[in-house]
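Participant: Counting in the numbering used here, the final residue of the sequence shown is number 89, and the numbers go up one at a time with none missing.
The set of hints was computed from the structure by calculation and includes no laboratory data. In this text, all values refer to a predicted model and were calculated from it rather than measured experimentally. Every residue gets a Cβ at the ideal spot worked out from N, C-alpha and C, and that includes glycine. There could be a bad hint or two in this list.
What the hints assert, rightly or not - Here are the computed distance ranges between Cβ atoms for each label pair:
#1 42 x 87: 51 to 57 Å
#2 72 x 49: 16 to 22 Å
#3 30 x 76: 34 to 40 Å
#4 46 x 69: 26 to 32 Å
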Amino acid sequence: ADLANGYITATLDATAADPVTGQIVIHAEAVDAQGNVDVADADVTVTIDTTPQDLITAITVPEDLNGDGIL
């Protein structure tokens, strides 16, 4: 974290046995040592899609060029 320069990094674990899917909102706000909450809080919406992509979208079979039945 480097709050003096205006940024912080965080990691969210998405490897749970039953992960959340769909839209989630991540809310961030800064609180100093005295408990003062920064008024410039932020929300970010993230969509999590765990559906695997279809690996085969189309299969093209070439034509038998010389008529011998072998492609």
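Participant: Hint by hint, say whether it matches the structure.
Facilitator: Tested hints:
no., hint, verdict
1, 42 x 87: 51 to 57 Å, "55 Å, holds"
2, 72 x 49: 16 to 22 Å, "45 Å, violated"
3, 30 x 76: 34 to 40 Å, "36 Å, holds"
4, 46 x 69: 26 to 32 Å, "28 Å, holds"
Hint violations for this structure: number 2 only, all remaining hints satisfied.
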